[in-house]
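Got chain A; can you put chain B on it based on the hints?
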Amino acid sequence: MMKSYEIVIIGGGPAGLAAALEAKESGVDSILILERDRELGGILNQCIHNGFGLHTFKEELTGPEYAYRFIEKVLEEKIEYKLNTMVMDITQSKIVTYMNKTEGLVHIQAESIILAMGCRERPRGALNIPGFRPAGIFSAGTAQRLVNMEGYMPGREVVILGSGDIGLIMARRLTLEGAHVKVVAEIMPYSGGLKRNIVQCLDDFGIPLRLSHTIVDIRGVDRVEGVTIAQVDEHMKPIPGTEEDYDCDTILLSVGLIPENELSNKINVQMNAVTSGPVVNESLETNIEGVFACGNVLHVHDLVDYVSEEAALAGKNAAKYVLGKFDGQEAPAHTVTLEAVDGVRYTVPKTVNIGRMADTVKVRFRVGNVFKDSYVSVYYDDERVLHRKKMIMAPGEMEDITLDRKRLQEYPDLKKITVKIERE
Amino acid sequence: MYDVVIIGAGVTGCCIARELSRYQLNACVVEKGDDVASGTSKANSGVIHSGFDAKPGSLMAKLNVEGNALLWKLAEELDFPVKKNGALVVATDEEEIKHLELLLDQARQNGVPGVRILTREEVMKMEPNLTDKTVAALYAPTGGVIDPFNLAIAMGENANVNGMEFRFETEVLQIHKKGEKYALETNHGTIETKCVVNAAGVYADKFHNMVSEEKIHITARKGEYLLFDKTVGDLFTASVFPVPGKMGKGILIAPTVHGNLYVGPTANDVEDKESINTTQDILQLLTEKAKANHLSKKVIPMNKVITSFAGLRAHQDKHDFIVQEVPDAECFFDAAGIESPGLTSSPAIGAMMAKMVSEKLNLKKKEKFVSTRKGVLKPEKLTDEERNQLIKKNPAYGNIICRCEMVTEGEIVDAIHRPLGAKSMDSIKRRTRAGMGRCQAGFCTPRTMEVLSRELGIGMTEITKKGGGSQLVVGKTKEL
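Chains A and B supply the protein sequences, listed in that same order.
In terms of the numbering used here, the first sequence has 201 at position 201, counting the first letter as 1, and numbering is strictly consecutive.
Each number in the numbering used here corresponds to the 1-based position in the second sequence with 424 added.
This is chain A alone, in the form it adopts within the complex (with noise of 0.2 Å):
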């Protein structure tokens, strides 16, 4: 007999544990979270930084801590977790298949998935860096796994290519250790990450930010020797004679995050193609009935904070669909359709089912560029109802509109809600 439950959770991370809590809060026992690492918590666990929890918890946290917030409750509402179990497989009828040591492979049959995957950083191969491939090249977040869990320096004299956040923490990260981090190159106009981080990370310790800059060779046979940064043009082709040398031992890349979408390609969830994460409604459910998404795997997100918030939703609403609430509502079905454009990159989520979506429906997007004083809008169709100044908008930093249903269902007839950036 195979065993069952109602709630199968992929993902042990910030998202996985927040979806969890809500779904136990919303009258699901049957839960199971497997986490393919050693511990829950996902990778708070190497961000040993503080800067977690400032919306949720009101105060400033490191990610263990505030990973721990929620391992705590997990652990005291007893939810079953499963470590270092890797999900080998899903299906469409909702069969998971996971491996670990003690248990072999095992098949197990869900009511509901919510998929909490997270991300992964993009390599060097995904940029095209020219050069040797000697050791001394590693991802931001594997040096950071190797400096704050392992106990490893990566190397001495480094150089960063990228303004990811979590580039710019290791950047923080390896000065504090007696590292000397020469140079972030980013080959953008504008830094990948947040405000706060460019300031206290890169501003407070004197380290140079390069914009519209790249690396152009990388040096080294066995161990990196050096590298070739150099200035780029506005189509992000190197300018020859900008060139500049730098000898160095290691390379950090923090170039982007991809979620780790594997397991939902496996059984076509429809993906988006700007987030790289699956196409949701305003439940945050996947275009298979029953399958959710929510943190990192949904689409990257700048603050945890709102990683465990979108997940709450997604833990509410699997709970809803096993408990058989989800068409109970009175109003038909109207769905609408959310469309992001001039500026705006995206939407999570893509469409909305106005009959039951619940009173408040949070709409996160991400621009395209920097914008200074401009506005979001907002259009029901045509009309705009929204039209919100905001003095800087950066791609770094995510936005979010609020979606009320009372107000949506003074329009019968929509169709579409346009999210845009306007210059008046």
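Simulated from the structure, these hints should not be mistaken for lab results.
From the three backbone atoms N, C-alpha and C, an ideal C-beta is built for every residue, glycine too.
One or more hints might be untrue.
[Claimed, not checked] Calculated cross-link-like contacts (lysine-lysine; reagent style DSS-like; alpha-carbon spacing at most 27 Å):
hint	chain 1	residue 1	chain 2	residue 2
1	B	Lys798	A	Lys101
2	A	Lys237	B	Lys721
3	A	Lys82	B	Lys805
[Said to hold, decoys possible] Partial list, derived from the structure: chain B residues whose beta carbon lies under 10 Å from chain A:
hint	residue
4	Glu698
5	Ala734
6	Phe867
7	Thr885
Just chain B now, kept in the frame of chain A:
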């Protein structure tokens, strides 16, 4: 003193070592890298050529066709992955059809089985993603793909099991003839031997020229590649070549035996025989090829590139293999100029060299030669039930270390403890594929390091990417 010392543990040296290990002798392979297949053998197309490309009457043509026939059988005996996916040479205008006819004629002269020219309709049916410019194609059904590392690893392991000694991180610096024997000065002392087999790849000319007045010259001809994620690996079934040019077979688009896709190689002669770096201009060129209508009508998405790499062909001026006893240096044998189709030809080169050396030294065959070998056990090939039994017996097979390629701890431990076991991250990668997937070892690096450290009883700071000075971490935190 050895009977035979083979210089170089690339695929050529390993095949020679394996064939020589059939005989009763005292022999050794010296290799400057920390593993087999750490030079040209680790960075090439992994194509099993059928043999239509080589000039009729050349040694290259003969050994290519022989090697192709040998490989399929060897893959079973020595348990390494191969796939007979066929090769296509695509003509995109009428002029190029003439080239196809030329190749067809060569194929007949070289004795390549089954080669024929397909019409546009026939070939488009076979490969619907071929460029719309396709007018015809040469089809060679005996073309295939192979895991290039695992051929060398399998041959090396099997040779080792049959008594062949391997000395890694041992670089030959000078060779002296001393009476009836050769003295090889290395970074680890002098090695004496009756016979030398020079299988030194791009450096084969250097060693040959130390003992012979009839100089040879080998140019390092660099080839760069883009390797794509398995999600685009089904673009073509066959290995798809353009019509060949002066510098070689051109930039192909082909699946690997593991289901990835690659675009490459380019061909540029370089001075520095260590310059296995990729270059900006060439990567740009390959990017254009992937995007534009080169062989494929589909654009190959650049966000699916997982890595780029370069390898060096050992191009001999006369563009043929040299497999010989050097005329003016008795008991010094060359396997030189082994460029494409060198990988395919290597089993035949091994057999040919073993015959020459054994006749020279009057060697007798061993009574108990072990002719088979099992590769690293791949749990994914087992049924669920078999897999569960395996995990029960050895729980390490239940622990995934590399999540992209789904490689278990059990496989990594196997790779470390088998003959010529892995000692570095790259040698584990080549044996198990751990770190070869889409995250390019981002997640598994610290975990593989841990397994290496535990199994070899060495500290984390001693673990290297590929031997030598390629340590991954420089020390503990708080030590700086």
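Going down the list of hints, with the structure as the test:
For a cut-off of 27 Å, the pair hint linking Lys798 (chain B) to Lys101 (chain A) stands: about 24 Å separates their Cα positions. As the CA atoms of Lys237 (chain A) and Lys721 (chain B) are separated by approximately 26 Å, the hinted pair is consistent with the 27 Å bound. Note on Lys82 (chain A) and Lys805 (chain B): the hinted pairing holds, with a Cα-Cα distance of about 25 Å set against a maximum of 27 Å. Hint status for Glu698 (chain B) relative to chain A: holds, with the closest Cβ pair at about 6 Å, below 10 Å.
Proximity of Ala734 (chain B) to chain A holds as hinted, the smallest CB-CB distance being about 9 Å (cut-off 10 Å). Evaluation of the Phe867 (chain B) hint against chain A yields a held restraint, the C-beta minimum of about 7 Å falling below 10 Å. Checking Thr885 (chain B) against chain A: minimum C-beta separation of about 7 Å stays under 10 Å; hint holds.
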